[in-house]
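> Just so you know, the sequences run in chain order A and B. The first sequence lines up with residues 0 to 82 when you count with numbering that gives the first Met the number 0. The second sequence lines up with residues 0 to 215 when you count with numbering that gives the first Met the number 0.
Hints in this document: simulated from the structure, not taken from any laboratory. No experiment lies behind these values; they were computed from the predicted model shown. No residue lacks a Cβ here, since even glycine has one placed at the ideal position from N, Cα and C. Be aware that one or more of the hints could be misleading.
[To be verified] No farther apart than 20 angstroms at their CA atoms in a straight line, the calculated lysine to aspartate or glutamate pairs in the DMTMM-like style are these: (1) Lys-178(B) to Asp-152(B); (2) Lys-79(A) to Glu-7(A); (3) Lys-34(A) to Asp-152(B); (4) Lys-78(B) to Asp-45(A); (5) Lys-66(B) to Asp-31(A); (6) Lys-34(A) to Asp-179(B); (7) Lys-66(B) to Glu-7(A); (8) Lys-178(B) to Asp-31(A); (9) Lys-78(B) to Asp-61(A); (10) Lys-178(B) to Asp-35(A); (11) Lys-34(A) to Asp-45(A).
[To be verified] Simulated restraints, written as ranges between beta carbons of each label pair: (12) Asp-179(B) to Asp-78(A): 30 to 40 angstroms; (13) Arg-191(B) to Lys-65(A): 12 to 22 angstroms; (14) Arg-15(B) to Asp-59(A): 16 to 26 angstroms; (15) Val-168(B) to Glu-28(A): 13 to 23 angstroms; (16) Ser-166(B) to Glu-4(A): 48 to 58 angstroms; (17) Glu-28(A) to Ala-151(B): 32 to 42 angstroms; (18) Asp-78(A) to Ser-166(B): 19 to 29 angstroms; (19) Glu-18(A) to Asp-179(B): 22 to 32 angstroms.
[As the list claims (entries may be wrong)] Heads up, incomplete: computed chain B residues facing chain A, CB under 7 angstroms, no partners named: (20) Val-9; (21) Leu-11; (22) Arg-27; (23) Ser-43; (24) Ala-75; (25) Leu-77.
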Amino acid sequence: MDRREILEELKRVLEPYTENKELLRNINEQTDLVKDLKINSSNLVDVIIDAEAKYNIEIDFDSSEKMISVGSCIDVISDKINK
Amino acid sequence: MSISSGNDLVYLPATRPERTNLPRFYSRILTAAEVEGFVQLASSRLPFDHYVWLCWSVKESVYKYQKRLFPELVFAPLKFEVRLVEPPCGDRDFYAGIVVGPSLMGPINARGQAHYSRTWVRDGVIVTIVSEDQQFTDTHWGFSAIDSAAHADQSAAVRQLALEELSSVLSRDDLRLEKDAAGCPIVLAGDRPLVLPISFAHHERYVAYSFLNRVV
Chain A
0 MDRREILEEL KRVLEPYTEN KELLRNINEQ TDLVKDLKIN SSNLVDVIID
50 AEAKYNIEID FDSSEKMISV GSCIDVISDK INK
Chain B
0 MSISSGNDLV YLPATRPERT NLPRFYSRIL TAAEVEGFVQ LASSRLPFDH
50 YVWLCWSVKE SVYKYQKRLF PELVFAPLKF EVRLVEPPCG DRDFYAGIVV
100 GPSLMGPINA RGQAHYSRTW VRDGVIVTIV SEDQQFTDTH WGFSAIDSAA
150 HADQSAAVRQ LALEELSSVL SRDDLRLEKD AAGCPIVLAG DRPLVLPISF
200 AHHERYVAYS FLNRVV
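Just chain B, same shape as in the assembly (with noise of 0.2 angstroms):
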C-alpha cells in the first residue's frame, strides 16, 4: 500500500448544470460505464449533474493521491473509472466508491491496487477523499466555509485548518506546509519534512484538506 493522500471539494452553485448536463461536456469526465451507473443512485435521487461532479472529485482526488508518487502524471479524466458508486444508508453518510485507471497507472496497474473513495455531498458542497485502504485508518480530512473566494484566502484558510488538526493530531505547534517540486503540499516540522501526504482543496467559499498519518 503506497504512502499517499488525495482529496478535491466541489462547490455545486458554482457550477452551471445546463452546461454539465450536455453530453459534449460530461462525456469529457465521464466514462459510458459510469453513465450507466448512475442509474445504480436512482435511490439517491442525486442529479445526474451533480453526479458528474461527484465522479469529477473522486477521480481528481485519485490524481493527486498519484501525483505524489509520479509527479509527471497528467490528469486525464477518462482514464480513471468510478465504479460501485453506493448512495449514503444506515449509518454511512457518504457516497462509496472504488476507483481503477487500467490505462493511466501504469505500474500501479500492475501491482492492481484500487482505491477506495468517500464522497460527502452537503449544502451543495461535494468533499472527497481517497484512499488504497479501504477502511480509511490513519485518514484525517475536513472542510470549511471561508469568508472570500479570493485565491490567496483560499489557500491561507487551508493551511491554516490542516494546521490546526495536524497540530491537534501530533501534538507539535512547529509544524509548517511548503510544496515540493512537483507542486504537492508538504508538511515540515521545523526544517525536517514529515512521511505525512496532505492533499488540499477548494472552490470558491470552501476548503478542505486530507492527510495520512500512519507509522511507516
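Just chain A, with the same shape it has in the complex (with noise of 0.2 angstroms):
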C-alpha cells in the first residue's frame, strides 16, 4: 500500500471518532488527531486497536506514541506493513 491507500483506509479507521465527517474527508498529513480532528484523547487507544486489525499488523508502544498526526500515523502503519 502506498502512503495515499493508507490514509483512505485511515479514514474508515478514525471515522467512529470523529465528530465532523467533513473535517475527516479533507485531512491531509499534518492534520493532528486530537487538536484538528477532536478526537477525544479516551479513543486515542480504540485508534491504535483498530488501526491493527485493519492493516493486520502489530503496532508496539513505542511507535503507537508516534501516532499524533495522519502522517505520523501512516509512517507508523507503512512501517509496520512493510516489515
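Combine both chains into one complex, guided by the hints.
Spelled out as C-alpha cells, the structure:
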C-alpha cells in the first residue's frame, strides 16, 4: 500500500471517533488527531487497536506514542506493513 | 513546587467495557504494577474497566499538568505509573493516588517530585484532579452535565463554568480564557495573562475544570 491508500483506509479507522465528517474527508498528513479532528483522547487507544485490525499489523508501544498526526500514523502503519 | 494544573473526565457509558477488559487494550494504559494494584482496591468493588479509566484519567491529568511546563511533551500512558490508589473511606469521597513518571519527566524526575491525584467516581462519571501538593491547597475544581455532546458546545460550556468560578474566586468581571501556543488554556484579566494555570476536560455531555489560585 502506498501512503495515499493508507490515508484512505485511515479515514475509515478514524470515522467512528470523529464528529466533523467534512473535516475528516479533507484531512492531510499535517492533521492532528486531537487538536484538529477533535478526537477525544480516551479514543486514541481505540484508534490504535482498530488500525492493527484494519492493516493486520502489530503496533508496539513506542510506535503508538508517535501516532499524533495523520502523517505520523501513516509513517507507523507503512513501516509495520512493509516489515 | 511547580505552578500548574491538570484534570480529566471520563464518561463511562461512552466507553466499551468488553474492549477495555481486553489485555491488548488495557496493556496500552496500565503497567504490570498497576494491574497488580487493582487487587488492593477489591474492597471498593470498582469494576476492572472502571479502574482502567480511573488510571487513564489520572495519567491524562498529569500529562496536562506537565504539558504546560514542558510544551513538547507527548502523552505516553505507560510512562506514568499510578501507585497507592486508595478507595474512598471515612469522610473522604475520592480515590487517592500518587503518580510517578520516571522515564517521562526528565528534570521533574531529577527533582523527585511526585504528583498526587484525587478521583471522584459518581453516576458513571470519573473526574480527576492532580497536584504536586498532597493537600490540594488553592486548587479549585468542578464539573457539570451539559445538554450537548458536540465539541463546540463542550468547549463553550466548560469555559462558562470555569469563568463563573474564576469570577467568584477573584471577584473580577473582566476575565477571559484563551489558549497559549502549546494549546494550554490561559486566564487573562483584560489583556493581561494571569499566573493562574487552568485545565479543561470534557467527554460526551460532561465538562470539568481545575485551576490553581496561588499567590506567587
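> Indicate, hint by hint, whether the structure satisfies it.
Verification of the supplied hints:
A distance of roughly 17 angstroms separates the Cα atoms of Lys-178(B) and Asp-152(B); the hinted pair therefore holds under the 20 angstroms criterion. The hinted pair formed by Lys-79(A) and Glu-7(A) meets the criterion: a straight-line CA distance of about 17 angstroms does not exceed 20 angstroms. Taking the CA atoms of Lys-34(A) and Asp-152(B), the gap is about 16 angstroms. The hint holds against a cut of 20 angstroms. Of the pairs offered as hints, the one joining Lys-78(B) and Asp-45(A) holds, with about 19 angstroms between alpha carbons and a cut-off of 20 angstroms not exceeded.
Distance check on the hinted pair: Lys-66(B) and Asp-31(A) sit about 16 angstroms apart at the alpha-carbon level, within 20 angstroms; holds. Distance hint between Lys-34(A) and Asp-179(B) is fulfilled; the C-alpha atoms sit about 13 angstroms from each other, no more than 20 angstroms. Between Lys-66(B) and Glu-7(A), the direct Cα distance comes to roughly 32 angstroms. Violation of the 20 angstroms bound is thereby established for this hinted pair. The suggested pairing of Lys-178(B) with Asp-31(A) holds, with an alpha-carbon distance near 16 angstroms, which does not exceed 20 angstroms.
About 10 angstroms separates the Cα atoms of Lys-78(B) and Asp-61(A), which keeps this hinted pair within 20 angstroms; it holds. As the CA atoms of Lys-178(B) and Asp-35(A) are separated by approximately 14 angstroms, the hinted pair is consistent with the 20 angstroms bound. With a C-alpha separation of about 17 angstroms, the suggested pairing of Lys-34(A) with Asp-45(A) holds against the 20 angstroms cut-off. A beta carbon spacing of about 33 angstroms between Asp-179(B) and Asp-78(A) agrees with the range 30 to 40 angstroms that was offered as a hint.
In this structure the hint that Arg-191(B) and Lys-65(A) lie 12 to 22 angstroms apart at CB is violated, the actual value being about 38 angstroms. A hinted range of 16 to 26 angstroms holds for the C-beta pair Arg-15(B) and Asp-59(A), which are about 23 angstroms apart. At roughly 43 angstroms, the beta-carbon separation of Val-168(B) and Glu-28(A) lies outside the given 13 to 23 angstroms, and the hint is violated. The supplied range of 48 to 58 angstroms is met by Ser-166(B) and Glu-4(A), whose beta-carbon atoms lie about 52 angstroms from each other.
Checked against the hint of 32 to 42 angstroms, the pair Glu-28(A) and Ala-151(B) fails, with Cβ atoms roughly 25 angstroms apart. At about 50 angstroms, the beta-carbon gap between Asp-78(A) and Ser-166(B) misses the expected band of 19 to 29 angstroms. Restraint check, Glu-18(A) to Asp-179(B): a C-beta distance of roughly 24 angstroms satisfies the suggested window 22 to 32 angstroms. A cut of 7 angstroms between beta carbons decides the hint on Val-9(B): the least distance to chain A is about 6 angstroms, and the hint holds.
Interface restraint check: Leu-11(B) against chain A, minimum CB-CB distance 10 angstroms, threshold 7 angstroms, status violated. The interface hint given for Arg-27(B) is met, as the beta carbon of that residue sits about 5 angstroms from the closest beta carbon of chain A, less than 7 angstroms. Look at Ser-43(B): its Cβ only gets to about 21 angstroms from chain A, farther than 7 angstroms, so that hint breaks. Checking Ala-75(B) against chain A: minimum C-beta separation of about 5 angstroms stays under 7 angstroms; hint holds.
Checking Leu-77(B) against chain A: minimum C-beta separation of about 6 angstroms stays under 7 angstroms; hint holds.
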